[in-house]
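A.B. asks: Chain residues, written in single-letter form:
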Amino acid sequence: MEADIRWLDDPKVFRVGQLPAHSDHPIYGDVEEAAEGKSSLVQSLDGNWEFAYSVNAKSRPVDFYRENADSAQFDTIRVPGHIELAGYDQIHYINTMYPWEGKIYRRPAYTLGKGLAEGAFSEAEYNPVGSYRKRFHLAEDLRGKRVIICFEGVEQAIYVWLNGHFVGYAEDSFTPSEFDLTPYIKEKDNLLAVEVHKRSTAAFLEDQDFFRFFGIFRSVELYAKPQWHVEDLWAKPYFSVEDGKGTLDAAIKISAEGEGQRPGKMRVCLSDANGKCLLEQTQILQSQAEQTLHLRETLAEKVIPWSHENPYLYQLEITLTDSEGEVTEVVPYKIGFRDFALDPQDKVMKLNGERLVICGVNRHEWNAASGRCISMEDMKWDIACFKRNNINAVRTCHYPDRMEWYTLCDEAGIYMMAETNLESHGSWQKMGAVEPSWNVPGSLPEWKEAVVDRARTNFECYKNHPSILFWSLGNESYAEDDIAAMQQFFKEKDDLRLVHYEGVFHNKAYEDVISDMESRMYAYPQEIIDYLENDPKKPYLLCEYMHDMGNSLGGMKSYMELLDRFEMYQGGFIWDYIDQALWVEDEVTGRGVLRYGGDFDDRPSDYEFSGNGILFADRSEKPAMQEVRYYYGTQNRNR
Amino acid sequence: MALRIVIGDVTIGIHGQDFSYIFSVGSGGMESLYKDGKEWLYRSPRPAFWRAVTDNDRGCGFAFRSAVWSAADRFVRCSRVEARMDGQEIAIPLAPANNKYTGKETCDRFEIIYTYETPTVPVTEVTVTYTVETDGRIHVQADYCGKQGLPELPVFGMRFLMPTAAERYTYEGLSGETYPDRMAGGIPGVYEVQGLPVTPYMVPQDCGMHMQTKWVEIVRKTSLDNTDRGERSSRLKITAEEGKHFAFSCLPYTAQELENAMHHEELPPARRTVVSILGAVRGVGGINSWGADVEDAYHISGEQDITYGFWIE
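Protein sequence lines, in the order shown, are assigned to chains A and B. FYI, the numbering for the first sequence is 1 to 639, going by UniProt numbering. FYI, the numbering for the second sequence is 1 to 313, going by UniProt numbering.
A hint or two may mislead.
[What the hints assert, rightly or not] The calculated EDC-like cross-link candidates involving lysine to aspartate or glutamate, where the alpha carbons are at most 20 Å apart (straight line), are:
{"id": "1", "chain 1": "A", "residue 1": "K557", "chain 2": "B", "residue 2": "E125"}
{"id": "2", "chain 1": "A", "residue 1": "K265", "chain 2": "A", "residue 2": "E324"}
{"id": "3", "chain 1": "A", "residue 1": "K557", "chain 2": "B", "residue 2": "D18"}
{"id": "4", "chain 1": "A", "residue 1": "K350", "chain 2": "A", "residue 2": "E446"}
{"id": "5", "chain 1": "A", "residue 1": "K557", "chain 2": "B", "residue 2": "D296"}
Hints in this document: simulated from the structure, not taken from any laboratory.
If we strip away everything but chain A, and leave its shape as in the complex, we get (with noise of 0.2 Å):
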């Protein structure tokens, strides 16, 4: 297949040539590398590649991708990371308006009667275009394997050739893309060619309050798959309340390197944080390509539940073997045995039995030097905040994070609302007034694979996270059948959560379709007390309160009572996390110094809004962070 230059300008086109998504299990080649968490199977491709970047598709170098390519004037640029922020392109901060409001003029396709927009994207004066090159050998250790390259994220739409052949084109921005490289690999001297577009019709459903970029701005890497591979791991762990028993009800998906292969073998365990094993099961490989096993057993002692106060977390490790007895594939996991449900009786989430209360944040991903290419450390720095000030839970606001947020969250007990990538506040909201007329996704059909899709994505990644309590839909996109398409696959798919949605506040004709609970945002007191005084359908939170801009959260306490007074009312997550603001080098003074929106010429934009945290853009705490702890802490105490 050949790329496509107009599958920017169509919703119906955003994965092509992708592997589906799976879960974010680890693979090692035996079980010294899972002990050591270095695996053999995994090459990384982050560091220096060659960049060129164009400022719309019209002059893009276009053969860039061909072996005998000139690629003399192309730059260096470092991978992962922002192309405004190696310098390219201008750096732009805004909130609800997207981004090209008063320069360009652009609907939706399909909106208003309307069909494709031919070229909205594709032929757009302005519509930059990052073309990276990297070359690399191949790791002897992934040689003669199948092997997979994995993009953990790219902003905003991407077409990649291996060694000139085109291999597939992506968008969602924030979740991993995988293509497989096996038909064009070589040992050495490859030549990765990837393309990246700012903006395609993915921009009308990514319009989230942040600094707008494109690029690789998370890591690049290839994995093998050995002759036995987990393709897929859905490990349910059940906690009965009634009983104390946990119930493992796995489904493993396993693929061949083809057809023909003599049967393997696969081991199963699972043990206690001591290491203790606690279930053995061996199956039989099939001498097919690809096979899902399962799995169900209720585990003869009582487990210990996870939680907040207590995150106990048991090990998983699958062990493939081939028809010679060797080891091919190991797959470590730590799952989490817990209940979350609506009690239908008093209509409250319980965790384990328990009201649940939500002492919770809204987190982007921010570093004031890199953007939302955040590090390790900028990661457990942040668990550390959260455990030092009493905060329990995070919403991934508004889109899915860096892939080892969702294990940190499951060791630190941090329950997580876990958001599908998912904005299209311009669309129906213009100067605070609820205006639909040309809403994304509305109920288009030629929108709504599109965010069903981001919605799997999410599911399928991180499935097995015990954090994850809520799958979010997204944020602020009004809310019509597309939506409801995407709460139906959640709710086909997983018992384990519940699924919260905010927008259908502003569209409750659909509130028995979407959303699990009342969603609100920045409620006042009296409009939470309104609700559940009056008869309430549904167990209440606020997905965003406590807007902290500048000198801010006075008034926390009319909040923190409610939960002593409704035992509907469940707590809410406060906005923010961390102001957004980049360090630059002062055009005056050459210091070092802080700006925000509207700081680099950016027009139109909304200014110090992108400063909401209760962090300040270089992770210090706030003063509010005091009134936070104290709050939080008061919850923490009376349980």
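Go by the hints and put chain B onto chain A.
C.D. replies: Relative to chain A, chain B alone:
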């Protein structure tokens, strides 16, 4: 030992063993506060009516509704001065009535009352009463006269502008930066703050407030006095009335300086100490930043009287 009083033509001096104060009739305020080896005033203290607006103040329209207080903060006028020695009225203007004095006058209690009028519509008044005791302690009483039709205030109190930047301050009150609607997390104690930190909010705005303070002691090493070699740190302590407390901030900038800057790098070099001792502070709010006002309990009405006092020791 009684206070030695010098009734000049423009000012009244009050002198004791280790202090020396000058109250000006001409400039309409306390002119000099010399104590512990240093001058503590750069300009005479004035009533404070304004704070550098917060993002929430702007977002909810408070800055627009109450903008007159910004002008009042800068441009009050002293309309009347009264002074008494041990209850005996001192004639004002001072000259030529002061020709009767000998230069050896003393008293046990000196009182001076400044009345300020505001450039607001309607006009209102603030009276500031300084009472000096024989031990050198000064009681300051500030009374705001509420008037129908005046908008809400962001703060009310007294602001002291000191000649040089302090090196540190110590206070007994709540930990961290607190406001009336954000002080539950403040832990009571004695805290020392080095330098004059300005909280690095992205857009400079009011900051550094300390609610429920029993006392604050400011320590300065530098002065503008050419004979002072800056070898010795001097202290000035401000104490709440018995059983009461005040709010204060101690910053290197005035509300106007903070408000003029859109980034911290636009703030001038820190060269003075601006101490606001406040009897009333508006909350910071937090419901949202685009319209929701601070909760009712944390507003300061401009239509009601505000009265409070403190000691300079």
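A.B. asks: Report the numbers of all earlier hints that the structure fails to satisfy, in ascending order.
C.D. replies: Of the numbered hints given earlier, those the structure breaks are 1, 3, 4, listed in rising order.
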